[in-house]
Amino acid sequence: MSGSVSSAPGTIQALQTALTAEHAAIYGYGVAGAYLTGSTQTAAAMNDWVAHQVARDHLETVLRSLGAQPAAAAVAYRLPAPVRNASEAVALAVVLEERIATAYLGLVALSNDSIRDYGALQVQASALRAAAWRGGTVAFPGMTSAALARSRKQP
Amino acid sequence: MLPLAAVSGCDGPDVLAAPPSPAADVTVLREAIAAEQLMITRYTTVLHHAGAAGAAGGSAGSLAGALEPLLAEHRAHLAQLRSRLIVPAGSKARSATPHERAPAAVPAGVSAGVAFLRTAEQDAATAMLKRLRAAPSSLAQLFASIGASEATHVPVLNAAAARVAR
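Going down the list, the sequences are from chains A and B.
Quick note: the first sequence uses numbering that gives the first Met the number 0, first residue 0, plus one each step.
Quick note: the second sequence uses numbering that gives the first Met the number 0, first residue 0, plus one each step.
Because the hints were derived from the structure by calculation, they are not lab data.
Hints are supplied without guarantee of correctness; some may be wrong.
If you want a taste of the chain B side facing chain A, the calculated C-beta under 7 Å gives, among others [said to hold, decoys possible]: (1) Ile39; (2) Thr43; (3) Glu72; (4) Leu131.
For each residue, glycine too, the CB sits at the ideal point set by N, CA and C.
Assemble the whole structure, with the sequences as input and the hints as a guide.
Right under this line is the structure:
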């Protein structure tokens, strides 16, 4: 991100939400990685785990530049479903990426152009990772059905 | 009764003036709608070509199985984008420009057609990102999500192209 970024509460909150989602993803990939099998899946999980660490570091840097204290990672996170095997680990990775995409759409809603662009690129990166884990694509990555319905009413 | 000069001399809007230009967000929304329509035409054309090739003994069924879900997503994109376009009552829907009406230059060969779609998807994802800055918040989110969806189509088309080439 470049240029002048507003330190308005809405901007800080959206950045903190994205950061919190990144913390959760890093934790979640750590869990998933323990159950994934085969060099391809293991390597993919490692690449994605590193990508989320890079994004976390970037968000923390931006937040500090705005005078905000970045949200700290929790010791542990409640998983959306139990993970006991490779299949459930893959399902967890998909959920993590879907949540990440939704969090970054919060940055796209901000008025700052560079934050918008960064958020959109992260939505795209997350959608690509989710599609790879899911083995299929979706029409609206990161958009919940409620958000789609709401956006029709509020152009 | 007021004298005519008093009525006509008010500072109201000039009803005979040219209609105002559409707002920037309306312009980018129309662009996005036109782009989705074009993409749907391209997929339909490639599927038609694949069907013709399949009748001659090709692997059209396999290719259709890969392309039709992507086409369905483009149709969902178009429906969602259209739902965001509010045309004022009494105004006519804008007709497409000659550029938008131009037929999609889809190669006739199945393999070349899939490669064409792959490039078109990548370009569409990039174009969607460029529209973000002119859009209000909720529309920007929709553009970002649709652009991300289009980016995910590229690896699917890469795999389809590899299968067609075999």
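Report the numbers of all earlier hints that the structure fails to satisfy, in ascending order. 1 and 2
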